[in-house]
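Using the sequences and the hints given, assemble the complete structure.
As a plain string of letters, each chain reads:
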Amino acid sequence: MIEKETTSTFNKSTGLPRKRFYRARAHSNPLSDSHFPVPLSPSQFDYSLHYPQLFPASSDDDNPKRIQFADIGCGFGGLLVALSTLFPDKLMIGMEIRDKVTEYVKERISALRTTNPSQYQNISVVRTNSMKYIPNYFEKGQLMKMFFLFPDPHFKEKNHRRRVISPHLLDEYAYTLAVGGIIYTITDVEELGEWMKGCLENHPMFEALTEEELENDPVVKLLTSATEEGQKVARNGGQTFQAIYRRIAPSL
Amino acid sequence: MGDAQMEEGDNPREIEVSPAFIAVHPAQRSVAVAVGSDLRVYDLTGDCPVSLVDDSAKPFHSDSIRAIRYGASGKLLVSAGDDKLVKIWSTDSWLCIGSVCCEKRVSSVAVSNDGLFVCFADKFGVVWVVSSKENVENQALPDKKAAPILAHYCSIITSLEFSPDGRFIVSADRDYKIRVTVVPKNPLDGAHEIQTFCLGHSEYVSCLDFIHSPDYPHGLLVSGSGDSTVRLWDVTSGSLLDTCEIGAKAELSVTDGLEEEPCHAITDLCTCSNGTSIALAVQSLKGIMLLNCNPSAKTLSIAKVVLIEGETLIPTSLGTSLSEGLLWMVTGISKLQGFNHSSLARVRAVSLPEDNGQDAEPVLLRDDEIPGGQKLLERLQGSVSIGNDVFLAAAEALKTAMRSLLIKKQYSAEKREFRKRTRNDRKLKN
Chain A
1 MIEKETTSTF
11 NKSTGLPRKR
21 FYRARAHSNP
31 LSDSHFPVPL
41 SPSQFDYSLH
51 YPQLFPASSD
61 DDNPKRIQFA
71 DIGCGFGGLL
81 VALSTLFPDK
91 LMIGMEIRDK
101 VTEYVKERIS
111 ALRTTNPSQY
121 QNISVVRTNS
131 MKYIPNYFEK
141 GQLMKMFFLF
151 PDPHFKEKNH
161 RRRVISPHLL
171 DEYAYTLAVG
181 GIIYTITDVE
191 ELGEWMKGCL
201 ENHPMFEALT
211 EEELENDPVV
221 KLLTSATEEG
231 QKVARNGGQT
241 FQAIYRRIAP
251 SL
Chain B
1 MGDAQMEEGD
11 NPREIEVSPA
21 FIAVHPAQRS
31 VAVAVGSDLR
41 VYDLTGDCPV
51 SLVDDSAKPF
61 HSDSIRAIRY
71 GASGKLLVSA
81 GDDKLVKIWS
91 TDSWLCIGSV
101 CCEKRVSSVA
111 VSNDGLFVCF
121 ADKFGVVWVV
131 SSKENVENQA
141 LPDKKAAPIL
151 AHYCSIITSL
161 EFSPDGRFIV
171 SADRDYKIRV
181 TVVPKNPLDG
191 AHEIQTFCLG
201 HSEYVSCLDF
211 IHSPDYPHGL
221 LVSGSGDSTV
231 RLWDVTSGSL
241 LDTCEIGAKA
251 ELSVTDGLEE
261 EPCHAITDLC
271 TCSNGTSIAL
281 AVQSLKGIML
291 LNCNPSAKTL
301 SIAKVVLIEG
311 ETLIPTSLGT
321 SLSEGLLWMV
331 TGISKLQGFN
341 HSSLARVRAV
351 SLPEDNGQDA
361 EPVLLRDDEI
371 PGGQKLLERL
381 QGSVSIGNDV
391 FLAAAEALKT
401 AMRSLLIKKQ
411 YSAEKREFRK
421 RTRNDRKLKN
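Taken in sequence, the protein lines are chains A and B. The numbers in this note's numbering rise by one with no breaks, and the one at position 228 of the first sequence is 228. The numbers in this note's numbering rise by one with no breaks, and the one at position 387 of the second sequence is 387.
Watch out, some of these pointers could steer you wrong.
Stated by the list, open to error - List of simulated lysine to aspartate or glutamate pairs, DMTMM-like, C-alpha gap at most 25 angstroms:
hint	chain 1	residue 1	chain 2	residue 2
1	B	K415	A	D33
2	B	K123	A	D33
3	A	K100	B	E414
The hints are simulated quantities; they were obtained by calculation from the structure and are not laboratory data.
Here it is as structure tokens:
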């Protein structure tokens, strides 16, 4: 019976997992103590587990490749899947705090890998609290792109410290991003959009991309078109607010 | 959500006991001990107890002090704690020259090497900075306002330390992290540039200190943790240079087999004036452990255990001055339930050999050999003499308090399911 249950959570024609079996509450408290394993340091992050084809466990030669894109709060993984084929030579990871949703993305990636051999080998997902453990996953200046798409707005002022973009957390994101690396944020909540823009604008280690640069960046279009949340907003004819900034060296 | 957690906690709303702390003036001109809300100072130069004068409108400490610290120059003493008040004292006049109100309880304090800024960390992981300059023209003390400079995400910060060259401020938290941040020109604008993280501890980090070595102007960082290791770090790169397991050695020294599961969490450490010795206070050890650091080989090794015979003294805090080869220790507690004295303290000192010759032994000073003698002890300990059983009970209570504060609570799968079922948003539906 259990066997039957598990197979039926996949769509028969596409082989992809069906979302209805992975519904989760939209909110998770980032302040509570975590019970999932976290690598003690970036060197202990097991690449062979996440990218088995690129990092065969048996091989001795160390692949020096490291994760360069991180989708923080990746949700159901729409952006990762779109980016995977757009940047096939970059390693990417989605970080998600809700375990069911993480399970879904895991299944989705493995299903995509099965149906498209040699593709989707560069994406993976991990269940973690990125607000606490970013430095446990990435070295200084390791990342080239960070995504914060449709984060939990936490409307109440009392809960603003739970927001994933905040002046103090930006220090940590600036630490993990290489100089020139880009941070992408988007939301359909105007108040949060202003908050995120304000935080980035006031931070000495970030500068806004110019209109022209935004125009030429293929990733910008994906923020609304590739993500499940973005599609939902578009369906409902809603507005989105984005803030896209580059990590710069701090002036002395 | 916080309330739900409180209900599930082991002993909700239990009166929190607090350990005693000791701080020694860098030139050993005075010694300060904090027990509960009481700050006791003894002037060793004048050989007399000090009475602190607080003219500010703010009250004196009204709850447990959780951190005391002298500035590097010895001109300032800072005290702070659970009453959300940071007090800056001049060590010349013993006047309170500044009082800062905070929003949260304060867990740690540090003074910048130039003495211009005081930093303090609160229980929500935010580090604040306030200028400590004395306002000479203005007699009435203005309320100082602190600015946040950095934050660990909602984690209790257990220790704050400036590097010897003043370039970095280092903060440790209960999420196993040590963060090294570049001190900016104007700290009041915030410290945004993270130099590195020192990652490797597998439990809360409880204490930090720097080894002062001429070869390393940034200093070598040592950290102690609940995982019963002391680790040596390069603060520029964040690389772990050496790890010293102290569990096995502490095991041998715990003679009474009272405990089923001895806990060798390190509660405090302090580097000594000879530059290479590190003294440790360990939760199970009736005495101190001395480690040796070899700065050129970048290694740590256990040197000695100094047991304190004849009494139950598990130090809660250690202190030393830069000039004298004397290690001060205190054990103490406030708000201990079920005993006549709600707060108690015991101070001892160990004289450390100048060089690290094989035959030079650390010597535990008798009460009458301590600088300041009985008069000092009367001031710092209070005059009551207290039995060993009380100290044992105190050590137990402190261990429990530290555990519940810093160790992550583990819930069984069933309990977690139950907690999910009683979530507030579900309740509303029914």
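So, going through the hints one by one against the coordinates:
A threshold of 25 angstroms between alpha carbons decides the hint, and for K415 (chain B) with D33 (chain A) the separation of about 15 angstroms falls inside it, so the pair holds. With a CA separation close to 15 angstroms, the supplied pair K123 (chain B) and D33 (chain A) stays within the 25 angstroms bound. At roughly 18 angstroms between alpha-carbon atoms, K100 (chain A) and E414 (chain B) fall within 25 angstroms of each other, so this suggested pair holds.
This entry satisfies every hint, going by the numbered hints stated previously.
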